[in-house]
Amino acid sequence: MAVRVHQTIKYEAEADPTFAPRIKEKRGCEKLEACIQCGTCSGVCPLSIYMDHTPRQVILLTRSGFRDEILKSNTIWLCASCYECTVSCPKDIRITDIIYSLKQEAIQARAYPRRFPIPVLAREFYKMVRDFGRTTESFLVVKLLMKTNILAGLKMWKLGLQLVTSGRFGFTPESIKNRRQLQQILDRVGDDNGKNGGPKK
Amino acid sequence: MENGDSKVRIGFYVCHCGTNIAHTVDVASVAKYAAGLPGVVVARDYKYMCSDPGQDLIGEDIREHGLNRIVVAACSPCLHEATFRTATARAGLNPFFCHLVNIREHASWVHTDRAAATEKVQDLVRAACGRVRHHKALERKRVTVRPEVLIVGGGIAGIQAALTIAESGKKVYLVEREPTIGGHMAMFDKTFPTLDCAACILTPKMSQVKAHPNITLWTYSEVMGVEGFVGNFKVKVRRKPRYVNEEVCVGCMECIEACMYKQPKFDDEFNQRLGKRKPVYIPFPQATPKVVLIDPETCLHFKTGKCKQPCIASCSRNAFDFNAEEKIEDVEVGAIIVATGFKPFDPARSPKYGYGHFPNVYTSLEVERLVNASGPTGGEIVMRDGRKPKSVGIVHCVGSRNLQTNRWCSKVCCMYSLKLAHLIKEHAGAEVYNFYIDMRTPGKGYEEFYNQLLEEGVHFVRGKVAEVTDWAMTPEEEGKLVMRVEDTLAGFVRRIPVDMVVLSVGLEPREDSQEVRRMFNISCSSEGFFLERHPKLAPVDTATDGVYLAGACQGPKDIPDSVAQAGAAAAQAMALIDKGYIEMEPNTAFIEEKECSGCKSCIPLCPYTAISFNEATVKAVINEALCKGCGTCVAACPSGSIKQNLFEDVEIFSEIEEVLANA
Ligand SMILES: Cc1cc2nc3c(=O)[nH]c(=O)nc-3n(C[C@H](O)[C@H](O)[C@H](O)COP(=O)(O)OP(=O)(O)OC[C@H]3O[C@@H](n4cnc5c(N)ncnc54)[C@H](O)[C@@H]3O)c2cc1C
Ligand code: SF4
Ligand code: SF4
Ligand code: SF4
Ligand code: SF4
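Protein chains in written order, with our numbering: chain A, 28 to 228; chain B, 745 to 1407.
I should point out that these hints are in silico values taken from the structure, not numbers from a laboratory. All values reported here derive from a predicted model rather than from experimental measurement. You may find that some hints are simply not true.
Distance condition first, Cα-Cα at most 30 Å in a straight line; then the derived DSBU-like pairs of lysine-lysine [to be verified]:
#1 B:K1087 with A:K118
#2 A:K118 with B:K915
#3 A:K118 with B:K984
#4 B:K915 with B:K864
#5 A:K58 with B:K1096
Ranges of calculated distance between the beta carbons of each label pair, as one might list FRET restraints [as the list claims (entries may be wrong)]:
#6 A:P48 with B:S1118: 35 to 45 Å
#7 B:A833 with A:P48: 49 to 59 Å
#8 B:N1265 with A:D119: 27 to 37 Å
#9 B:P1008 with A:D119: 20 to 30 Å
#10 A:D214 with B:D1090: 25 to 35 Å
#11 A:D95 with B:V1126: 52 to 62 Å
#12 B:M1183 with A:I212: 50 to 60 Å
#13 B:V854 with A:P48: 23 to 33 Å
#14 A:N101 with B:T938: 46 to 56 Å
#15 A:D119 with B:C822: 33 to 43 Å
#16 B:T938 with A:T45: 43 to 53 Å
#17 A:R207 with B:D1090: 55 to 65 Å
#18 B:E1013 with A:D95: 30 to 40 Å
#19 A:D95 with B:V854: 45 to 55 Å
The C-beta atom is built at its ideal place from N, Cα and C for all residues, glycine as well.
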């Protein structure tokens, strides 16, 4: 196997000095800089064994301004929001909330892995709720599969059929009355939502 | 600048304090303004009034201009009131004719508008000149200091302080709650970083304490109450009964052998409940005093009244006294040293480590007993399940550096964890893993000790252990305790199976620290450790004169630091005693006897119990030595018959009138 060699050094110019202060301003992220890098969060996290950066490293990289590095990381998308890290952190850092803010940044910057299902699901879910006031799972799943991995979707035809025949998947789109009002509400909160990377029309 | 008209002749001085004051206050114009105030004979501004030439100015002016009042506008009286009063006294004027106006903390440091600040200073100066004309000559009273010292707590800190003071020829009362002195150090096998045997260096000191003619040792005793003040404390000590005469028993332990209980049956507190003892016992072979005692909670005689009491018969010296009762001793001392030590963190408060749930999870203090030759296993590391561990994980920072438990670093845990790693390897030949957040080894020879451990092949993993579990995920993990941790230097999560887990518990204040604090009238920091008067410059003094601190009761510290601090506390106590007297500030309250109606309103109000009632004259009486000049009684007296030196009505009202004169 060929050994590939590339530079791993980081120059300070690659760091974004405005990144940490910006994240720190968001709700739940105030204590970002109090981290003592103890690793408790990574140790308790049920998913850290799959992450390319452990939750502790996420805190470190965020605080040091390595924005590109962190927005490309799979960690923020693997996080299951179980809050185990937040409960265990000895410095009361709300790691889960920080990861939420990073997700928003990534969506806004369109920096997440393109065909990664979790951010795609987040967008499609939001769109559907905005348009109809409810989600119709069958449509949502089909949309998700089309935007991420059509092939895998096709392979799941049998499961899909079973879900339909057993009545778990309906094809009547669900919807609420006064969808316009809901959209107005969302537009109002959308100011903030849009700024924080929420989906925009 | 003379305008001497009346008999009051004021000298006024305003200080630049370098630029501290002069930057924001126009000092020259303040001096000019003061020169025009009634009674002011001389008014000057000067760069540093507290310097020798500054002080000399005052003296020269007093002599040359016949000044009889001095007003200095400078920094806080806390800093330099004494300086200027002394300078005044040196020139032959009563020092209480000198008054300080704080124009630094109260003006230049808190204002930015130069004109307004200058105007404010003029108001303050006018008020001072107004009040100082009413000042009286006052005398400081001297109170003699008793030469005895009370030391509370007989750990290494209390022992060291006691021996130092006793050696200087002064009498010491050492009060220890437990049946023996020695504190935590007596439980250890070796001590870092030199690994000298704890008993070898401690027990000779313990015997010296017992034997020293100047030390009265009261173990199994507690201080019940303290009254009085620096130099003259009255202390009540409660001595619990041992049911064995301390003066007679020689610690032969025949009675322990003879006890109705043939086998030790009750949890042995000294051995951290890892061993058993009988109802009649001695905490450990070198206990000081070397005297047995009976625990009435477990003794058959006390529980049922039906024991044949073979212990009594076995004693050839007739030392038993089952009718003994607690004794109260009253002593008077000049100074008090509080050396009550710490309490180890209870790891049941951090359930993720499985303490109390998995039998093979231990605290560090328990392991100190396991590796100790005089411990419950004779120095062999045998776990609760009877096995010897082949692998051991030591978790640093248990309870420490954590907002959910104790926020502080306990300072000694990294070092004693290294010590335990070494001892466990030595005693059991086990693989040892140390899990740490940051390795803190500042101290002489400490980093070298860390290097030694690295070279001994102890494994170091930088990461706080997330959990200890018995849930095996691989065959190697079967039957083990698995430590799940992020190896933060490697950047991934590891699972490390071990036989035994050691929790390096932090140091925290004792449970009764609040009661002790109140009893000795000292304060606590937010953590609950006793508070020193100044973190850098008065580390063994407290806010109460004559009460000093030594050892881990003031904050986590190791043995070398505890000993050093004990020496410092002893020196402070001896300095106080050797001086022989204290001078009391004369700003005390006094009662105009003929006006006092004898209503007794003031008596319960005084926070220092300085007021008593004279039944013969039917008047209240203030003990000048106890009065701290808080003024409470002065304000409360319905007949206005209590007055306070330096705060008499004319002084205060003229100050108020003048400060408002331009408003
Ligand atoms: C597991 C462990 C290992 C350690 N190993 C080392 C080491 O190897 N080297 C080292 O330098 N340091 C070590 N330390 C730190 C060491 O224990 C302390 O520095 C030392 O014990 C402090 O002494 P002290 O006298 O202040 O307190 P303590 O040892 O706690 O003694 C206080 C004494 O006061 C008594 N007392 C408490 N309250 C009262 C009261 N109200 N009235 C009367 N008496 C009272 C107590 O009974 C006790 O005897 C270790 C600590 C731990 C927890
Ligand atoms: S648990 Fe908290 S303090 Fe520890 S590394 Fe994670 S975020 Fe930092
Ligand atoms: S909230 Fe996310 S990062 Fe935190 S422990 Fe759960 S999955 Fe891991
Ligand atoms: S009275 Fe009985 S139980 Fe109590 S110490 Fe003596 S022999 Fe033991
Ligand atoms: S001034 Fe304060 S301390 Fe002095 S006697 Fe009155 S109440 Fe007590």
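Here is how each hint holds up against the structure:
1. The suggested pairing of B:K1087 with A:K118 holds, with an alpha-carbon distance near 23 Å, which does not exceed 30 Å.
2. Restraint check: the Cα-Cα separation between A:K118 and B:K915 comes to about 48 Å, which exceeds 30 Å; the hinted pair is violated.
3. Proximity of A:K118 to B:K984 is assessed by CA-CA distance (about 44 Å); at most 30 Å being required, the pair is judged violated.
4. The hinted pair formed by B:K915 and B:K864 fails the criterion: a straight-line CA distance of about 55 Å is larger than 30 Å.
5. With a CA separation close to 24 Å, the supplied pair A:K58 and B:K1096 stays within the 30 Å bound.
6. For A:P48 and B:S1118, the Cβ-Cβ distance of about 58 Å falls outside the hinted range of 35 to 45 Å, so the restraint is violated.
7. Checked against the hint of 49 to 59 Å, the pair B:A833 and A:P48 passes, with Cβ atoms roughly 58 Å apart.
8. Between B:N1265 and A:D119, the C-beta spacing of about 35 Å keeps the proposed range 27 to 37 Å intact.
9. Checking the proposed 20 to 30 Å range against B:P1008 and A:D119 shows it is violated: the Cβ atoms sit about 46 Å from each other.
10. For A:D214 and B:D1090, the hinted distance range of 25 to 35 Å is not satisfied, since their beta carbons lie about 54 Å from each other.
11. Distance hint check for A:D95 and B:V1126: the Cβ-Cβ separation is about 55 Å, which falls inside the suggested range of 52 to 62 Å.
12. The supplied range of 50 to 60 Å is met by B:M1183 and A:I212, whose beta-carbon atoms lie about 54 Å from each other.
13. The hinted range of 23 to 33 Å is satisfied by B:V854 and A:P48, whose Cβ atoms lie roughly 31 Å apart.
14. For the pair A:N101 and B:T938, the supplied restraint of 46 to 56 Å holds, since their beta-carbon distance comes to about 50 Å.
15. At roughly 37 Å, the beta carbons of A:D119 and B:C822 sit within the given window of 33 to 43 Å.
16. At about 51 Å, the CB distance of B:T938 to A:T45 agrees with the hint of 43 to 53 Å.
17. Hint check: A:R207 to B:D1090, Cβ distance near 60 Å, so the stated range 55 to 65 Å holds.
18. Roughly 59 Å separates the CB atoms of B:E1013 and A:D95, a value that falls outside the hinted 30 to 40 Å.
19. Checked against the hint of 45 to 55 Å, the pair A:D95 and B:V854 passes, with Cβ atoms roughly 47 Å apart.
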